[in-house]
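**Student:** What follows is the residue order along each chain.
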Amino acid sequence: MSSSPAKRWEIDLTELEFMDSAALSMLLIARDQAHTRGVEIVLTNPRGRVRQLFDLADIPAMMAIEERERP
Amino acid sequence: MTLAAPPPTRALLDAGRGVAASALAAACSRLGVRVPDDGEDWRRRGVPCLLVSADGEVELDAGLKPPYSGYYEWHPGLPMAVSDACIDAVSQGGLAVSMTTARAYGLQLAAIFAGALAWRLELAEAMAADIEMALQEAVANALVHGNLGISSEPRGDAAGFRAYCATIDDRLADPLLAARRVEVFGVPVPGGVKVTVTDEGLGFELNRELAREALVGEKWGRGLRIISGLARRVETLDGGRRVEMTFV
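For the record, the sequence lines run as chains C and A.
With the numbering used here applied, the first sequence covers 1 to 71.
With the numbering used here applied, the second sequence covers 1 to 248.
Just chain C, with the same shape it has in the complex (with noise of 0.2 Å):
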C-alpha cells in the first residue's frame, strides 16, 4: 500500500515585482496555516526586489522557495 504524497500548494511569484515585510508576514502566516492542514508552500520563481526582499530578511531558511522553468 503506498502513501499519498504530501500535498503541496504552489505560489507562483513571477510576475509579483513588489511587496513588503507586512506581506512576508502574511506569507508566513498562511504558511503555519497551510501545515495544520497538512500542507506546505512553495513560493516559486520570486525575481528581483522580491528575492531581494525574501534574502534580507531570511526567507529561505523559513519557507520552501523554488525556481521553476516557465512553460
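Don't take each hint at face value.
Unchecked claim - From chain C, some residues computed to sit far from chain A (all C-beta separations above 12 Å):
1) Lys7
2) Glu10
3) Ile11
4) Glu15
5) Glu40
6) Arg68
7) Glu69
Said to hold, decoys possible - Covered stretches of chain A (in silico footprint by chain C; criterion: 3 or more residues with CB under 8 Å from a CB of chain C, positions within the stretch not fixed):
8) 129–143
9) 226–238
The set of hints was computed from the structure by calculation and includes no laboratory data.
Bear in mind that the values here come from a model prediction, so they are computed numbers and not experimental data.
By construction, the Cβ of each residue, glycine as well, lies at the ideal position given by its N, Cα and C atoms.
Assemble the complex: chain C is given as a structure, and chain A must be docked to it using the hints.
**Tutor:** Coordinates of chain A only, in the frame set by chain C:
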C-alpha cells in the same frame, strides 16, 4: 542705529488646491518662510518652494515635480508648523513631504517619493529601487508603530493579523492620532542621497529593536533588518522619531 537686514528667503510656500493664499500667508507669518508676493517670479529666482494643499495624491505628485520641491498638507483646520528640517531639505536641493497620518496611510508614499527623488537627483535605477524598498518599511513603521502607537507583536496568526488591522482602523479614527505628521526628506550627499523619515510617536532604540528582530525572527518585525540591509548607513535621532538612511 543700524537696522538688521531681513534674513534671506530660504523657501516659499505656494497655495494649492483647497488652500486660500490669504489664509496661508496669515499662517506663515510667524515662520521663516513666506508665500510668494503677487507677480513674484520665484520660479526664475530658483528659490525652493513647497506646494501647500489640502488635496491628496494629485497634489502630492504635483508638489514633487518642478517647479516645486515638495508637498505640505495643510488646511486652516490644521496647525501650520513647517519644520526646520523640511526647509533645510529643500534648501539643500532636495525634496520634502509633510502630511498627516490620515492622508499618508493608504497612499503609495514610498513609491511616489522614491520615483520623484530618483528623477530629480538622477539616481541609478538600482539605488532608486533600494530607496523605495527601505522607504516602504520606514514609512510603515513611522505611521503604524510611531504615530498610531501600535505594536506589531499581535501578528502571530491569522486572527492576530485581523486584530492588528482592526486596531489600525480604530486608531485612524482617533483625530489626534490621525493628525500626527509623517515627514519624508531626500537630500543629495556626496555619491548618493540621504533619506529621512520622521514621525510624532514615542520613538524607539535602533540597536535594541534590531536585536529583538533577530531574536524573535518569526512572523513580524523585519522592517529594520530590511532597511539596514539596503542602506549604507542607518541612524536614529530624536529618540527614534527620526530615521536617517544614507544610500551611496
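**Student:** If a hint holds in the structure, say so; if it doesn't, say that too.
**Tutor:** So, going through the hints one by one against the coordinates:
no., hint, result
1, Lys7, "19 Å, holds"
2, Glu10, "20 Å, holds"
3, Ile11, "16 Å, holds"
4, Glu15, "17 Å, holds"
5, Glu40, "17 Å, holds"
6, Arg68, "24 Å, holds"
7, Glu69, "26 Å, holds"
8, 129–143, "holds (count 6)"
9, 226–238, "holds (count 3)"
The structure fails none of the hints (numbered hints given earlier).
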